[in-house]
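Visitor: Chain by chain, the residues run as shown.
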Amino acid sequence: MEATPISPDEDHIPDTPLFDRKRSLSGYRLNKMAMGLGEAANRAAFKADEAAYIDRFGLSPEQKHAVMTRDWREMVRLGGNIFFVLKISALDPVPIRLTQICAHQAGMEHAQFQRERLGKKS
Amino acid sequence: MARIIGGLGTSHIPTIAMALDRGLRDTPDWKPFFDGYIPGQQWVREHKPDVAVVVFNDHGNSMFLDRMPTFAVGTAQEYRPVDEGWGPRPIPPFQGEQDFAWHLVDTLIDNSFDPTIIQEIEVDHGLQVPMELFWGRPAAWPVRVVPIFVNVIQYPIPLPSRCYALGKVLRQAIESYESDERFVILGTGGLSHQLQGARSGFLNPAADAAFLRDIAQDPEKLAGWSREQYVETFGSEGAELIMWLVMRGALNERVEIMHQHYQAPTSMTGAGMIVLENR
Chain A
1 MEATPISPDE DHIPDTPLFD RKRSLSGYRL NKMAMGLGEA ANRAAFKADE AAYIDRFGLS
61 PEQKHAVMTR DWREMVRLGG NIFFVLKISA LDPVPIRLTQ ICAHQAGMEH AQFQRERLGK
121 KS
Chain B
1 MARIIGGLGT SHIPTIAMAL DRGLRDTPDW KPFFDGYIPG QQWVREHKPD VAVVVFNDHG
61 NSMFLDRMPT FAVGTAQEYR PVDEGWGPRP IPPFQGEQDF AWHLVDTLID NSFDPTIIQE
121 IEVDHGLQVP MELFWGRPAA WPVRVVPIFV NVIQYPIPLP SRCYALGKVL RQAIESYESD
181 ERFVILGTGG LSHQLQGARS GFLNPAADAA FLRDIAQDPE KLAGWSREQY VETFGSEGAE
241 LIMWLVMRGA LNERVEIMHQ HYQAPTSMTG AGMIVLENR
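Line order of the protein sequences matches chains A and B.
With the numbering used here, the residue at position 16 of the first sequence is 16, and numbering never jumps.
With the numbering used here, the residue at position 210 of the second sequence is 210, and numbering never jumps.
Hints listed in this document are in silico derivations from the structure and should not be mistaken for laboratory results.
Remember, predicted model here, so these are calculated numbers, not experimental data.
All C-beta atoms, glycine included, are put in the ideal place defined by N, C-alpha and C.
Incorrect hints may have been included.
Stated by the list, open to error - As a list, the in silico SDA-like pairs of lysine to any residue whose alpha-carbon atoms are at most 20 Å apart:
hint, chain 1, residue 1, chain 2, residue 2
1, B, K168, B, V255
2, A, K47, B, D83
3, B, K168, B, I4
4, A, K120, B, A198
5, A, K120, B, A264
6, B, K48, B, M258
7, A, K32, B, W86
Stated by the list, open to error - What follows is a list of derived Cβ distance ranges for each label pair:
hint, chain 1, residue 1, chain 2, residue 2, range
8, A, K47, B, E220, 29 to 39 Å
9, B, K48, A, P61, 35 to 45 Å
10, B, T116, A, P95, 28 to 38 Å
11, B, D66, A, A45, 13 to 23 Å
12, B, E178, A, R21, 40 to 50 Å
Just chain A, same shape as in the assembly (with noise of 0.2 Å):
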C-alpha cells in the first residue's frame, strides 16, 4: 500500500493526474480515511482529535502531515482523489471552497484562478 508518489512528469496529458493504479494504492489509506467522513461519528471523532481520527488509517506521515495543514495540492500528489478528500473541507469552521481548492492546485492565487481559469471579471 506504500507506494512511491507520482512524479507530475510521469502523467501522460500535462498537469493532469489520472486516479489509476499506481496512485490508488498510495493514496488508498488516505482515501479511506477521508471516506469514513461520510458518517456523522467519524466527523465528530476527527473534530474531536483530528491526529487520533487519522492514526486509526495508517496514513502514511507525509499522508497526515497534508492533511492536517489542509495542503490540497500535497493530498492529490500522494494518491488523494478530490472526491474523498473534499470531505475534509465540510469539517473546518470557515470551510475552503472547491475553486480555492483548485486554485492551489493550479499554483495561482484564487483572485487570479478565477479571472484566467474561470474568466470571472473579478
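Position chain B against the provided structure of chain A, taking the given hints into account.
Guide: Relative to the frame of chain A, chain B by itself:
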C-alpha cells in the same frame, strides 16, 4: 411493449444542489443557469415519463475503492440521498423500478454485459441533481428511477465505445419489456471541467459546443474517441461525459434536438443540457 420517449443529457454539478438548498435559484449568479432548464422541465411535464433510467457515477459517497464496479444496475425498491459529508439533503427518496431493473440485468447479461447488481444503495448528487433540474423539487417524485452506475473515478474507466454499446442493449431491454410505460433516459455528467492537478480549472467551451452538436448528429464519432481524448479535451473530470453515450446509444440513429442550453462556467464546469427525441 415499453417505449423510449426521449433522451436527456445534463451536467450534475453538486454546487447546483447547494444553490437550491440555500434558496439561491433566483439570484443573479444562478437565475440564467436555472432558467435554461425551463424548456427541459416543460418537456418532461408534457411527456410524462413513468420511468427514468439515470446513467451517472457515484463520487466516493456510496462506493469506496474497496469494490468498484465498472457498470452496475440498481434493482432497489427505494434510493435515499446519501450523506456526502455535509449531512443528507432534505429531498424525498427516489422510488425504484425493480421489475424493469431485473429485466435490464437479464438483458445485459444475455448480451455479454456483466453488471454488478445492487439491491441496496444510497445515491449522491450524480443522480439527485439531474432529477431536480428536470423535475424540480416535488413533495414526491412523479417518476420511478433505474440507476445505472458507471465507474469514471478509478482508472481504467470503461471505453467510450463500450458505453455506447451498453446504450444499445438498454434500448433492447426497454423495447422487450412487457409494459405500456414511457421511459426516458438521462445521460449525466460533464461537460468540460478539471478538479485535480495543476490544470485544475480547465474549461473548453468550444469543445463543449461541438459535443452538444455531435452527441445528436454524430454519436459514432464520439463513441470512437479514446479515453485520453476525452481527458485531454474535456479535463480529467470532464471525461465523465462518456456516460452521455449510454443515453445516446439507446436512441435512434436520427434524433432531433428539442431543447439545448449551455453556460460556462457554472461553478467550475461547462454546464450543458440537451433534450433529444427519436426521428
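Visitor: Indicate, hint by hint, whether the structure satisfies it.
Guide: Outcome of the hint check:
1. Distance restraint check for K168/B and V255/B: the Cα-Cα separation of roughly 15 Å lies within the 20 Å cut-off, and the hinted pair is therefore satisfied.
2. Taking the CA atoms of K47/A and D83/B, the gap is near 17 Å; set against the 20 Å cutoff, the hint holds.
3. This hinted pair checks out: K168/B and I4/B have alpha carbons roughly 12 Å apart, not beyond 20 Å.
4. For a cut-off of 20 Å, the pair hint linking K120/A to A198/B stands: about 19 Å separates their Cα positions.
5. This hinted pair checks out: K120/A and A264/B have alpha carbons roughly 10 Å apart, not beyond 20 Å.
6. Taken as a hint, the K48/B and M258/B pair is honoured in the structure, with Cα atoms around 16 Å apart against an allowance of 20 Å.
7. Pair hint K32/A plus W86/B holds up; C-alpha atoms about 17 Å apart against a cutoff of 20 Å.
8. With their beta carbons about 52 Å apart, K47/A and E220/B fall outside the hinted range of 29 to 39 Å.
9. At roughly 58 Å, the beta-carbon separation of K48/B and P61/A lies outside the given 35 to 45 Å, and the hint is violated.
10. Separated by about 33 Å at the C-beta atoms, T116/B and P95/A satisfy the suggested range of 28 to 38 Å.
11. D66/B and A45/A have their C-beta atoms about 20 Å apart, which keeps the hinted 13 to 23 Å range intact.
12. For E178/B and R21/A, the Cβ-Cβ distance of about 43 Å falls inside the hinted range of 40 to 50 Å, so the restraint holds.
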